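Chemist: Residue numbers (our numbering), protein chains in the order written: chain A, 27 to 419; chain B, 2 to 244; chain C, 132 to 257.
Since the hints were derived computationally from the structure, they do not count as laboratory data. The structure presented is a predicted model; accordingly, all values stated were derived computationally and were not measured. The beta-carbon is built from N, C-alpha and C at its ideal position, and this holds for glycine as well. One should not assume that every hint holds.
[Said to hold, decoys possible] In silico lysine-lysine, BS3-like type, Cα no more than 27 Å apart, as pairs: (1) A:Lys401 x A:Lys76; (2) B:Lys49 x C:Lys175; (3) B:Lys225 x A:Lys210; (4) C:Lys134 x B:Lys169; (5) A:Lys373 x B:Lys49; (6) A:Lys210 x B:Lys146; (7) B:Lys146 x C:Lys134; (8) B:Lys209 x C:Lys175.
[Claimed, not checked] Pairwise CB distance ranges, derived in the manner of DEER restraints: (9) C:Ser135 x A:Arg159: 43 to 53 Å; (10) C:Ala152 x B:Gly241: 52 to 62 Å; (11) B:Asp68 x A:Pro404: 53 to 63 Å; (12) A:Leu382 x C:Ser135: 37 to 47 Å; (13) A:Val314 x C:Gln138: 48 to 58 Å.
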Amino acid sequence: MPGVEGFMYPNEVELQWSVLIVLYPFLTGLVAGAFILASLERVFRVEAVKPTYRLALLTALAFLLVAPLPLQLHLGHPERSYEMYLTPHRSSAMAMFGFVYLWYLMAVLVLEIWLDYRRDIVVMSQSTTGWKRWVYGAMTLGSNNISEHALAVDERAGWLITVIGIPSAFLLHGYVGFIFGSVKANPWWSTPLMPVVFLFSAMVSGIAVVMLLYMLLMWARKQTIDMRCVDTIARYLFYTFIIDFSLEMLDLVHRIYEAGESFRSLDFMVHTRLYVSHIVVQIILGTVTPIALLALTQVLRFNEIARKRIYVLAGCLTLIGIFAMRWNVVIGGQLFSKSFLGYTTYKMGLVAREGLLTAVVLTLLPFGILWILVKLLPPWPARVESVPDSNPA
Amino acid sequence: MNITRRHMLLLLPAAAVAWEHVLAGNPESSPNYKVTEHWWGMLIDIPKCIGCGNCVRACQQENDVPDGYFRTWVERYHVSGDNIETPEVDSPDGGKNGFSPAKEESGKNFFVPKLCNHCAESPCTQVCPVGATFVSPDGVVLVDKEYCLGCRYCVQACPYGCRFINPKTNTAEKCTLCYHRITKGLTTACCEACPTGARQLADLRNPKDPIHEFLRTHSVQVLKPYMATHAKVYYNDLDGSVR
Amino acid sequence: MPKSFGQFGHYRGAALSEIAARPVKFAGHQTCEGCHADVLEEKKDGRHARVNCEACHGPLANHADDPASVTPPRLDTAVLCARCHEANGAKPRTFPQVASADHSTGLPCDTCHQPHSPAITAGGAK
Chain A
27 MPGVEGFMYP NEVELQWSVL IVLYPFLTGL VAGAFILASL ERVFRVEAVK PTYRLALLTA
87 LAFLLVAPLP LQLHLGHPER SYEMYLTPHR SSAMAMFGFV YLWYLMAVLV LEIWLDYRRD
147 IVVMSQSTTG WKRWVYGAMT LGSNNISEHA LAVDERAGWL ITVIGIPSAF LLHGYVGFIF
207 GSVKANPWWS TPLMPVVFLF SAMVSGIAVV MLLYMLLMWA RKQTIDMRCV DTIARYLFYT
267 FIIDFSLEML DLVHRIYEAG ESFRSLDFMV HTRLYVSHIV VQIILGTVTP IALLALTQVL
327 RFNEIARKRI YVLAGCLTLI GIFAMRWNVV IGGQLFSKSF LGYTTYKMGL VAREGLLTAV
387 VLTLLPFGIL WILVKLLPPW PARVESVPDS NPA
Chain B
2 MNITRRHMLL LLPAAAVAWE HVLAGNPESS PNYKVTEHWW GMLIDIPKCI GCGNCVRACQ
62 QENDVPDGYF RTWVERYHVS GDNIETPEVD SPDGGKNGFS PAKEESGKNF FVPKLCNHCA
122 ESPCTQVCPV GATFVSPDGV VLVDKEYCLG CRYCVQACPY GCRFINPKTN TAEKCTLCYH
182 RITKGLTTAC CEACPTGARQ LADLRNPKDP IHEFLRTHSV QVLKPYMATH AKVYYNDLDG
242 SVR
Chain C
132 MPKSFGQFGH YRGAALSEIA ARPVKFAGHQ TCEGCHADVL EEKKDGRHAR VNCEACHGPL
192 ANHADDPASV TPPRLDTAVL CARCHEANGA KPRTFPQVAS ADHSTGLPCD TCHQPHSPAI
252 TAGGAK
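Can you build the whole structure from these sequences, using the hints too?
Modeler: And the structure:
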């Protein structure tokens with residue numbers, strides 16, 4: 027059989043979950059991570075990251091809106107997906123996740139964004155004209171009250187929602203980890219560490235994407251990048267990455283030490299079919315290198331330009347590494363036979379419903395949506411003086 | 002064939018009874034079938050399996066199984082010496098056209114037919130998000146193809162690799178224990194076609210079913226017992242090397 | 132919520148009868164024996180006594196439905212018998228198997244063996 031090495035159960039040769047199912051935890055991970063970064067300011071009062079607060083929320087929303095799309099495109103019958111809300115099977119993590127997603131989208135993210143932007147929305151509904159006036163008007167949901175008292179209530183409510191939002195964000199991505207981690211049939215997936223590893227890698231990717239977007243947008247608008255903000259974000263990225271890396275190493279060391287039934291088969295797989303994506307891309311390029319780069323910035327003193335460049339490099343490598351991690355979990359988990367006697371290959375289509383092109387479009391789509399959101403709900407103060415750079419680039 | 006009137010008098014009542022069982026042109030389940038009276042399983046007698054592939058072919062014919070996918074299949078094991086950790090296994094086209102002679106080597110060689118184990122604690126039904134796959138009251142794990150989303154979670158959750166997605170219906174599919182036959186008093190297609198009696202349908206709730214005596218007097222295993230799926234396909238004399 | 136959902140459990144109760152309503156393709160040996168009692172008589176003392184009719188003849192519920200208009204195809208013993216009886220190291224040692232090239236030198240099996248009662252008696256082949 028082409029692409030098969032050794033023995034696979036006959037129905038196992040074809041992979042069930044494609045690159046779209048790799049993309050899905052990547053997108054929801056960015057959501058959870060971006061939200062946690064936003065909550066750093068709101069709940070934990072880390073003032074330094076305030077410039078990215080609104081951007082982080084909008085990023086989370088943009089990605090959360092796109093997240094169901096890879097799932098819908100993957101389903102054999104997407105027209106029946108409403109059944110998950112109508113007759114959810116309570117023992118199924120996938121079914122329960124539908125509600126977690128809905129809760130998080132409506133009761134946390136949309137509500138928090140609305141509360142934080144409410145004053146601006148009301149102002150813009152009164153100051154703009156044409157279709158924009160209509161849009162902002164609709165967004166006010168009928169309330170034009172922007173008195174001191176009302177805004178204080180907004181502030182308090184927003185704080186409360188963020189407090190609820192943090193465990194909700196944990197639940198959102200932890201659940202995705204549980205969807206994999208609870209499958210006893212698959213030893214590559216089945217571990218209680220899976221939700222935790224997914225969550226921390228989500229936080230890493232979310233923090234990295236907000237940091238990169240902030241730097242990109244400020245550069246595009248020819249504004250000064252608040253280095254105190256970016257330095258703080260990079261520090262949090264570093265700490266979170268250490269935890270994430272430790273968890274992944276713990277899983278690895280544990281597997282190697284216990285050397286259970288599946289170990290030889292999985293070990294062989296990692297050293298052959300998964301070598302490039304796992305060892306090279308995920309571990310060396312995507313984890314060890316960014317951690318080392320960030321560690322350098324913590325230990326040594328670099329000037330602003332150097333720090334910016336290191337952060338951009340580390341951020342990009344991080345995102346690649348976290349995507350590779352999702353790939354290695356999802357695709358890797360299907361490359362080996364449950365008989366532990368063989369391996370198959372993933373044949374990814376190019377221009378197919380679940381192909382590479384679709385994955386690329388779905389990855390770019392949130393940035394498109396974010397662009398619209400940023401135009402509609404600017405995450406920065408209306409009046410900004412551009413401060414001349416003390417260190418010209 | 003020379004049928005006399007006497008033959009006809011004997012044959013006709015028998016044929017009439019059998020006719021009711023067939024109902025080939027009139028598909029409806031037998032009104033006498035009560036789900037609570039049955040708890041289905043299967044017995045597979047390894048020493049009797051000759052790897053002819055009749056079961057795989059019969060299943061495909063009975064259930065319109067698409068080529069390249071298998072509701073049941075046969076694996077051939079070659080265990081050399083004391084190395085039961087790494088047997089050599091093959092299943093050319095699921096064993097549908099039998100097996101070509103292997104090299105004669107020392108060690109054990111045998112066939113293992115496999116199918117859905119109709120687990121009483123089935124992990125595939127646990128993960129279905131909408132209730133499209135379920136354990137019937139008579140112990141058969143079935144898929145409601147009008148309700149299935151095709152999310153493939155059940156395929157991932159099955160430890161035995163018995164599920165697949167039918168490319169025509171885009172829904173999950175697997176062995177139904179020929180539910181449409183057993184509810185009419187017939188046996189499954191694979192058991193009907195097996196020439197040696199290696200596969201036998203078993204009704205665990207029927208006190209007269211030979212399975213009870215068999216389980217008492219033979220060394221019987223299930224596949225992957227550590228998965229605690231409470232599989233109901235019992236294997237006689239299953240070697241420790243079988244995955 | 133579909134109508135019969137929850138009738139027996141977390142699924143559409145109607146699915147049970149939908150699945151059970153599938154038409155049957157193998158008639159089952161009891162049905163065959165209903166008409167072909169003479170073959171049953173031939174088989175009953177031989178080594179193929181327990182081999183069901185459709186194991187060799189294939190699914191014939193449509194023939195049982197309408198014997199006059201559906202004629203089962205004639206079987207090619209050279210191919211059919213080899214499926215079970217071609218020698219193979221993985222088959223149980225006690226199972227009758229031959230290397231057909233040596234055994235029958237290309238002749239179809241029913242040259243000497245009667246499939247319904249395959250043993251060749253002391254009096255010679257059939």
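Chemist: So, for every hint listed, does it hold in this structure?
Modeler: So, going through the hints one by one against the coordinates:
In summary, the hint linking Lys401 (chain A) to Lys76 (chain A) is supported, as the alpha carbons are separated by about 19 Å, within the 27 Å threshold. Among the hinted pairs, Lys49 (chain B) with Lys175 (chain C) is consistent with the structure: their alpha-carbon atoms are about 20 Å apart, no more than 27 Å. In summary, the hint linking Lys225 (chain B) to Lys210 (chain A) is supported, as the alpha carbons are separated by about 12 Å, within the 27 Å threshold. Of the pairs offered as hints, the one joining Lys134 (chain C) and Lys169 (chain B) holds, with about 26 Å between alpha carbons and a cut-off of 27 Å not exceeded.
Taken as a hint, the Lys373 (chain A) and Lys49 (chain B) pair is broken in the structure, with Cα atoms around 39 Å apart against an allowance of 27 Å. Distance check on the hinted pair: Lys210 (chain A) and Lys146 (chain B) sit about 25 Å apart at the alpha-carbon level, within 27 Å; holds. Between the alpha carbons of Lys146 (chain B) and Lys134 (chain C) the distance comes to roughly 16 Å, so the proposed pair stays at or under 27 Å and holds. Distance hint between Lys209 (chain B) and Lys175 (chain C) is fulfilled; the C-alpha atoms sit about 24 Å from each other, no more than 27 Å.
A C-beta distance of roughly 51 Å is found between Ser135 (chain C) and Arg159 (chain A), which places it inside the suggested range of 43 to 53 Å. Between Ala152 (chain C) and Gly241 (chain B) the CB atoms are about 42 Å apart, so this pair departs from the stated range of 52 to 62 Å. Between Asp68 (chain B) and Pro404 (chain A), the C-beta spacing of about 58 Å keeps the proposed range 53 to 63 Å intact. Here the CB-CB span from Leu382 (chain A) to Ser135 (chain C) is close to 42 Å, well matched to the stated 37 to 47 Å.
Between Val314 (chain A) and Gln138 (chain C) the CB atoms are about 56 Å apart, so this pair conforms to the stated range of 48 to 58 Å.
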